[in-house]
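Asks: Okay, here's what each chain looks like letter by letter:
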Amino acid sequence: MLGILSADFLIPNGLLIAGLSSVLFGVIVLSSGKRLPRQGDWLAGLGVLLIFAWVILSWGTDHQWLVGWIWPKNEAISLQIGIWSDVLGSTLTFVGALLAGILLLSRRSAGDAPQRVERQYSASALSVSGLAFCWYALTPWLVFVGLGITLLGGVISLAASWDQDADAGIVASFIKERVASLTLMVIGASALASMGVPLQFAHLETVKAWDFSSGLEVQALGAGLLVFGWVLFVLPFPFLTYLARPSSVLPASRLTFAQLLPSWGAFAILFRLYPQLQATGVLPYFGWLALAASVLSSFMGFLQKDWKLALNCWLSSAFGFSAASLLFCGPTAAFACLICTGLAACMLAQSGCTLEDGKSSSETPKASTVNGNSKATWAKVSAFFAAAVGTGMIGFASCFGFIQTLGRSLYDVGLAVGFGIVLFLLSALIFRLALQQTQLSRSTPASWFSVLSPYLLLIPGVGILWNGSISGGALPAGVDLVQVMTIWDLPAYLNPKLITLDENGFLTASWIHWWVLVIAGLAAYWFSVGKRDAVVSITERFPKFSSFVAHGYGMDLVLTRTFAGIHWVGNMLETAINDRFWNRFVPRVSKATTEFVGKTSASLDEAITVRITSGVRHFVDVPAKLLQLIHNGDVQWYLFFAIASGIAVLIHFLRF
Amino acid sequence: MTRHLITLMVFLPFLGALLQAFLPTSQMVRGKFSISRWTALGTSLASALCGVFLVIAMKLQLVDLPIQEITPWIGSYAISYDMALDGLNVLLVLLISIVFPLLVAAEWKQKIGTQGLYGLLLVLQTAFLGAVCAQDLFLLFFFWALSALPFYFLIGIWGGENRESAAFRTIVSASIGNALLFCALILVYHALEPHTFSLRELSGGKLEDKVFQFLGSDFKVSTVAFILASAGLTLRAPIWPFHGWFSQAAKEAPSPVFVALSAVGVPVAMYIFTRLSYSLFPATLVQSATVIVVIGGINLVMGGICALAQKGLKQLSAYICLSEVGMILIGIGSLNAAGVVGSVFQELSLGLGLAGFGLFAGLLFEKGGDASFQNPDGESTYGGIVTYAPQMAMVAGVIVASLLGFPGLSGFVGHALLLIGSYSIHPIVVILAGLIFLLASYFLFTMYRQLFLGKNRKGLSFPDLSLREQAFLLPLVASILLFGIYPKPLIELVRPTVMSLLGTIK
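First to last, the protein sequences are chains A and B.
Take the first sequence: its position 68, counting from 1, is numbered 67 in numbering that gives the first Met the number 0, and each next residue is one higher.
Take the second sequence: its position 463, counting from 1, is numbered 462 in numbering that gives the first Met the number 0, and each next residue is one higher.
Isolated chain B (complex conformation) (with noise of 0.2 Å):
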C-alpha cells in the first residue's frame, strides 16, 4: 500500500489542478464556485493525509524504511523518478501537508478566475513537494522551476496595484536563480563517470576532487557548483540584500499567496541548500561555513532593522522571513548536530508561525479592508479590535509568541536548538541574534497592542472568527501548541539523518 504513496502525495494536486481545467465553466452552472472549491479542497487534502500518514508510518515505522520510490526515467541520461523521505525533508512535507489545505480554505471566497487560481496553488503544491522529496537532482530541478511560474500569475493576475511590477520581478529574479542552480548540476552532472544525477550516487564528498577546465584554467567542481547553487537558491530565498523582489511581492501578493512564498518557498529554498551542501559539497562546505554564518547574521541584523519600520502586516512578516533565514543559516553554518537539527526544524516552525501571520493578516484586510497597524503618523490604523474578536486576538497572540520563541510553543524548540548548537562556536553571534530577539518582541509587541489594545480608531466593529476562519486556523496553532510541547518525535526523526551526513565531514 505504501510504495506509490509519495508519488500519490505528490501528483494528486497536479490531479487537482487538471480537474480544475476540466470543470464547467459556464455561467449557468449552480454552485460552479462550490464544485471548484471543495475538488480542490479535496485534492490537497488528500495529498495531506498522504504526507502525513507517511510522517506518522516513518515515526513508528509501521512501513519499510527507508521510505522511497526509484524507477528510472530518461535513462540515456542517467535520469531517475528517484522519490524518498527521510530525516531532512520529513517535517517540510509535514509543513506542506499543514499549510495549503489551508490556503485553498482561505481562498473560500475568491469569485474571480476561482478554478485558475485553485489550479495554480495545487500545481505549487506538487511542486514544493516534489522539490522536498526528489532525490535525483534533475528531478529536484524540474519541480523546484516548476514552483515559480505559478507566483508570476498568481500574483500577476490577483495582486495589489502594483502586481504586474512585482509578478516581474519575481518571476525574473527566479528565472535568474534557477538558471544558476540548473548550471550547478549540469556541472555536476559531468564531473563522475558514468554521468549521473543522483544524490546517493554523488554525495559523500565524491566531488571533491574533480576540476574542470575553463579558458585555460583548472577549477574545482565541488567550489564552483556550491558557489552557483548558493547564488541561485539566494535569489529564491530572500538573502539580503538581494531581497527586493521578495519584500515588493510582500505587499503586492494576496495574503494566501505570499505564505505560500513565504512560509513554504522559503523553507524549501533552504532545505535545498542543507541537501546540496551537506551532500554534495561537504568539504567546501566546512571552508565557508564561517562565511554561511556571517550571511545568517547579516540577514537576521537587517531584517530586525528593517522590520521596525514597517507599517504592514505584510511588510513585517516579510522581514520576520529575512530575518528567521538568517538564524537558519547560521544552524546550517554551525556543523553541530543540534544547529543543523534546529535549523530544520525552525523551517517548520517558521513555516507554521508565518502562515499564521499571513492568513491573519488577510483575514484583517478582509474584514477591515486594511492590513497595515499604523497608519504615516506612527498611529494604530486600527486599536481595541480584542474587545469584539477576542478570538483573533488570542490567536494572533499564540502566533506572535511563537515567533518569539515563547517557551511551549514550536518557535522556542528551533530557537533553543539554534542558539545552542551554535553557541560554542560562534557566540557573538548568539549574542546579536539575542539582541535581535529583544528589537523582535518590541516590534511584535507594539503591533499587538496598536492593533488589537487601545481605543478603537475606526469606530469599526466586525465579527469574530467564523467556523470557516476557525476551522484553518486552529490547525496552525494546535499545531504551533503540539510540536512546542512535544517535539520530540519530530527530532528522533531528524536526528540520524543529521547524524550521519554530519559523519561525512568529519
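Only chain A is shown next, with the shape it has when bound in the complex (with noise of 0.2 Å):
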C-alpha cells in the first residue's frame, strides 16, 4: 500500500490512469450522454475528481520521470515524454479543475437547459486532463498531447448544435486555427530537436543552456517557429474572426473550454523553456506581436455588441498581454496575470449567465421576486469583483503581476507605453462589460450555487494566498507580508515573494498602474453608462470601419480570398497536367503517332512491295517471254528452221 504512494509508482502511474480516464470517461459521455442518468455529469465529475485526487496527492513533490517515446531515450533527437510534478504544474491543474468543477455544478434553470448538455460535461473531462497532461509533462510532446485532448474538449464544448451551418462555421474555424498554430509548433520543437537541442523542462539551476556555437540560424529559425506557433494558439491572433461569432453555446462554457483552457495548456511550453529560449533572443519580436494582438483584441472587444462576444474579445487580449509580459518580463510576472485574467474572464461569463437566465424568463413569475433580485445583486456585484481581480485591485494576485510587469518594461519607455496602452485599454473593457451586466436584468431565477460561484472563483486569485501579501503585492518592499502559509510554493524563478524591482522602480510601475486603472475606469463610466452608450453611437456614426473591427479586421476574407487563389491554382494544375496533359493531348498525340506510324509503315510496306514486285517482273519478264513464245507453238518450228538452216550453214561452210 505504502508502494503505491511511494513518488516512483505515483508521479508516472498516478497522472496516467486519471488523465487516462478523465479521457475515457468524457469520450463515454460524449457517445452515450443521453442515455446515462443525469447526461452522465456524474462520470465528467468523476474524471475531474480524479485528476483533483492526483493533484492533491502529489502535491509538494519535486519528481520527475521520463521515458523514450519515439526513438531511444538516450539519443540527442530523442522524442521523450516524461512527467514534472511540482508545484506550477499542481497549481495550474488545480485551478483548471477548479473551474471545470464549478462549471459542471451549476445549474441552469429548467427553461434555460442548453442543447445537448452531455457535450458540455463531456468537454469538463477532457479538458481538464489535457490541462493537467500539459503541465505536468517534462517535455513539449506530452504538452503537444495534452494540448490536443483539450482541442477535442473545445470541439466539443462548441457542438451545442452542429447541424446549423452558424454553430458548424464556429467549430470549424476553431479548429483549423488551432491545428494550425498547433502544427507550427511541433514543427519548431521538431526541428531544434533534430539539432540536438534538449527539449527537456528543467529547474532554473540545473537547465541546460543550448549550444548555439553550429547551425545557429537553423536553431533560431526553429526556436522561431515554435514562439511564432505559441503565439498564434494562445491568442489567437491574428484568427480572431471566430470571437465575434455568435453561437448558442453557454457562453461559460465556450469561454472555458474553448479559449481559456487550450490557452492555459500552451502557456506550459513557454513558460517551462523560458529559461533557454531567452538565451535565442527571439523572445522580444513576438513580444511585440503579442502586444499589438492584445491591442487589436481589445478595440474588437469595444465595438461587440454582445457582452459575450466582447468577453471572448477581452480574453484574447488578456492572454495577449500574459505573453507579452512573459515574453519581456518573465514568468514571475506573467504567472499571476494569466492566472487572475482567466479567473476574471469566467467570473463574468458566470455572472453574465445568471443575468441573462433572468433576463430571459423575465415574463415569468417565478422572475420577480425579492429572492430573484436578491440573486441578480448578488450576481453584479461579482461581476465588479472580476473587474478587480482582472485589473489589479489591491488584495489580489494580479496587482504584483501588473506592477512587476511594468515596472520591469521601464528599462524601454516604448515598450511601457504599450503595456500602459494594453493595460488601459483591459481595464476599461472589462469596467464597461461589468456595468453592462448591471444593466441586464433586475431578477434571476438561477440556482445560488450558479450566483454564488463566481466568488468561489474568486479564492484562487486573491493575493494573501500567493505571496503572502495581503496586499497582494501593491506595496513596496513586502512590508504587508503576514506569516501565512502559502498554498503555492512556486518554484524558485515563478516565486512571487522574490521582490525583484528596486524601490524607484516599483513606485513608478505604482503609480503607472493606479493612473491607469483610474482613468480606465472614469472612462469605461463615461462610454457606457448614461442616456446613450457612446460606443453604439461611435458603430452607428461609422458602421463600415466598425463592422471591419468588430469582424475581426477582415481576416476571414483575406484567408478566403487567399485559399481561393491556391484553389484556383491547384484547379489549374489539375486541368492543365491531368486532363488537357494526360487524358486529352498525351492519348491524342499516342494516337495520332499511332496512326502515322501504322499508316507510314503501311504505305511503306505497300510501295516495297510495288518496287520489289516490279523490279521482279523486270527481271523476269524478257525470258518468260521468251519461253512463253517458244511455249505457244509458232515459234517451236521458226525456232527449228532457224536452228536447222543454222546448221546446214555450218556444214556447208565446213566442208569447204
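Calculated from the structure, these hints are not laboratory results.
Each statement offered as a hint is correct.
Derived contacts from chain A toward chain B, CB cut-off under 10 Å, selection only:
#	residue
1	70
2	76
3	145
4	158
5	163
6	165
7	181
8	224
9	565
10	566
11	571
All values reported here derive from a predicted model rather than from experimental measurement.
All residues carry an ideal CB built from backbone N, CA and C; glycine is no exception.
Please assemble the complex out of the two chains, which come individually in their own frames, going by the hints.
Replies: Below, the structure is given as C-alpha cells:
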C-alpha cells in the first residue's frame, strides 16, 4: 500500500490513470450521455475528481520521470515524454479543475437547459485531463498531446448545435486555427530536436543552456517557429474572427473550454522553456506581436454589441498581455496575470449567464421575486469583483503581476508605454463589461450555486494565498507580508515572494498602474453609462469601419481569398496536367503517332512491295515471254527452221 | 514451426484465390455468396495472422533471427526462392496483414462476379506480400509484376463510368514501369561474375565500379540501373507529373480497390525503391539524394495544392497520397537514421490512414449514393451527418487527425521523425512541408465540416455503422491509436536494419 503512494509509482502511473480515465469518461459521456442518468454529469465529474485527487496526492513533490517515446531515450534526437510533478503544474491543474468542476455543478434553470448538455460535461472531463498533461509534462511532446486533448474538449464544447451552419462554421474555424498553430509548434520543436537541442524542461538552476555554436540561424529558425506557433495558438491572433461569431453554446462553456483551458495548456511550453528560449533572442519580437494583438483584440471587444463576444475578445487581449509579460519580463510577473485574468473572465461569464437567465425569463412570475432580485444583486457585485481581479486591484495577485510587468518594462520607454496602453484598454473593457452586466436584468431565477460560483473563483485570485501579502503585492518591499501558510510555493524563478524591482522602479510602476486604472474606470463609466452608450453611437456613425474591426479586421476575407487563390492554382494545375495533358494531349498524340507510324509503315510496306514486284517482273519478264513464245507453238517451228538452217550453213562452210 | 511461415503467409491467399475458381457457380446453390465470402475472408485472415505472428515473433525474438527461407529455384540462372523479414519490410507485412482482410470484409455485399473479385484481391495480397519479402531480385520482380494485372480487371469490371479508360491507363503505366525495372534488374544481374539476382550478394556497393558498353561508350551499371529502376517505380507510384493514371484510377476504381492501390501498392513501391537504393546503389543514392528530396518536395507541394481543388473524397485521398509520397521521398533522401526510419514508419501510417479514408469514402457512397463532399458550386453535398451517424463521424475524425499528424496518433510519429531527420540537412524543404501541413489542415477540416457538420442538405438519414462496418473500421482506428501512443516496439524493429544500411553508405 505504501508502495502505491511512493513517488516512483505515483508520479508516472497516477497521472496516466487519472488523465486517461478522465479522457475515457469524457468519450463515454459524449457518445452515450443521452442514455446515462443526468446525462452523465456524474461520470464527467468523476474524471475531474480523479484529476483533483492526483493533484492533492502529488502536491509538494518535485519528481521527474522520463521515458523515450519515439527513438531511444539517450540519443540526442529522441522524442521523450515525461512527467514533472511540481507545484507549478499542480497549481494550474488545480485551478483548471476547479473551473471545470464549478461549471459542472452550476445548474441552469429548467427553461434554459442547454441543448446536448452532455457535450459540455464531456468537454469538462477532456479539457481538464488535457490541461493536466500539459502542465505536468517534462517535455514539449507530452504538452502537444495534452493540447490535442484540450482542443478535442474545445470542439465538443462548441457542439451544442452542430447541425446549424453558424455553429458548424465556428467549430471549423476554431479547429483549423488551433491545429495550424499547433502544427507550427510541432515543426519548431522538431527542428530544435533535429539539431540535438535538449528539450527537456528543468529547474532554472539545472537547466542546460542551448548550444548554438553550430547552425545558429537554423536553430533560431526552429525556436522562432515554436514561439510563433505558440503566440498564434494562445491569442489566437490574427484569427480573431470566430471569437466575434455568436453561437448557441453557453458562454461560460465556450469561454472556458474553447478559449481559456487550451491557451492555459499552451502557456506550459513557454513557462517551462523560458530560460532556454530567452537565450535565443527571439522572444522580444513576438512580445511586440503579442502587444499589438492585445490592442487589436481590445478594440474588437469594444465594438461588440453582445457582451459575450466582447468578453471573448477581452480574454484574448488578456492573453496577449500575459504573453507579452512572459516574453519581455519573465515568468514571475506573467504567472499571476495569466491566472487572474482567466479567473476574471470566468467570473464575468458566470455572472453574465446568471443575469441573462433573468433577462430571458423576465416574463415569468417566478423571476420578479425578492429572492430573484437578491440573486441578481449578488451576481452584479461579482461582476465588479471580476473586474477587480482582472485589473489588479489591491488584494489580488494580479496586482503583483501588473506592477511587476510595468516595472520590468521601464528600461524601454516604448515598451512601458505599450504595456500601459494595453493595460488601459484591458481595464476599460472589463469595467465596461461589468457595467453592462448591471443593466442586464433586475432579477434572476438561477440557482444560488450559479449566483455564488464566481465568488468561489475569486478565492484562487486572492493575493495573500500567493505571496503572503495582504495587498497582493501593491506595497513595496513586502511591508504587508504576514505569516500565513502560502498554498502555492512556487519554484524559484516563479516565486512571487521575490521582490526584484528596486524601490524607484516599483513606485513608478505602481503610479502608472493605479493612474491607468482610474482613467480606465472613468472612461468606461463615461462611455457606457448614461442615456446612450457612446460606443454604440460611434458604431452608428462609422458603420463600415466598426464592422471591419468588430469582425476581426477582415482576416476572414483575406484567408478566404488566399485559399480561393490556391484553389484556383490547384484547379488550373489539375486541368492542365491531368485533363489537358494526360487525358487529351497524350492520348491524342499517342493515337496520332500510332496511326502515323502504322500508316507510314503500311504505305512503306506497300511501296516496297510494289518496287520489289516490279523489279522482279523486269528481271523475269523477257525470259518469261521468250519461253512463253516457245511454248505457244509457232515459234517452235520458226526456231526449228532457224536452228536447222543455221546447222546447214555451218556444215556447208565446214566442208569447204 | 516457423520455418515455412513466410511461404504460408504469402501463398495462403493465392490458395484462397484458386479455391474461388473451384467454388460452385450454379445459381441454384444456396449460400453461394456466403461460401465465397467466408473462404476469401478465411484465407486472407489466416495469412494476416501468420504475418502478425511473424512480426510479434521478430520483436520478442521467439524465433531464430533472421527470419528467412532460401531454396534454389532456377539454378542455371542463379534464381532462388529467397524470402526474409527484416526491419525494412516488417512494417509493410504488418500493413498488408491489417488492410487486406478489411478489404475483403468491405466488399461483403458485392453480388456481381463475387468469386472473381475476391480471387483478384487475394492474388493481390499474395503479390504484395511476395514483393515485400523477396530477397531475390527476380522473385521480387515476379511478384511486383504480378501485382499489376489484377488492377486491370478490378478497375475494368467493377469500376465506374469510365472504367475501361482508367483500367487501360493503369495497366499501360504499370507495364512500362515494370519493363524499365526489369531492364535495370537484368543490367544488375549481368554486372557481377558469377551472375546473381540475390540481394545479399549484390548489396554493399559491389556494383559501384562496374561498367558496361553501349554503342561504343562506357556507362556505369549502378547509375543506369538506378535511373531505370527509379523511372520504373515512378510509374507505379504517384510521382508528379506522372500521376494522371493514379487520379483517374481514384475516380473510377471501387473504393476497396483504390485502397489496395494507394494504401498498399504505393507504400510497397516506396519500399522497393528504398530497398534497391540503399542495398544496391548506395553511392549513386548519395549523389542523387538532393534530387530525390527536390522531387519529394515538388510532390508534396503539388499534392497539397491540387488536393485543395478536389470535391470528391477519393480524388482527395489520391492527392493526399501524392503529397505523402513526397514526404517519404524527403525522408529517404535525408540519408540519416531518423529520416529513413521515419519514411518506413510513414509507409505504415500512410497505409492505415488512406485505408481508413478510402473505406470510409466507400461507405459513404454505399449509404448516401455520392462520395463527394462539395458540389460544383462549392456547397456541401451532405452536411449534418454527425447528428444521425456519430460513430461514423468519430471514426472519420480519428482518420483525418492521423493524416494530419496529430500528436498521439500514428501519423504524428512518422511525420515527426521525417521532420527531425530532414531539418538539419534541408531546412527549407521542412518549412515547405510545414506550410503544406497547414494547407492540409485547412482542406481536411473543410471536408469534415461540409460532410459532418452544419445543415443536412440532402435531407438524408442513413443508419450509423453496422456491426460489420465497425468490424472493419475499428481495427484500423485501434491500430492508428496504438501505433501512435506506443510506437517504440515498431521503431526498434526498423532501426537496426536502417542503421546497418546507412553504415554501408558512410
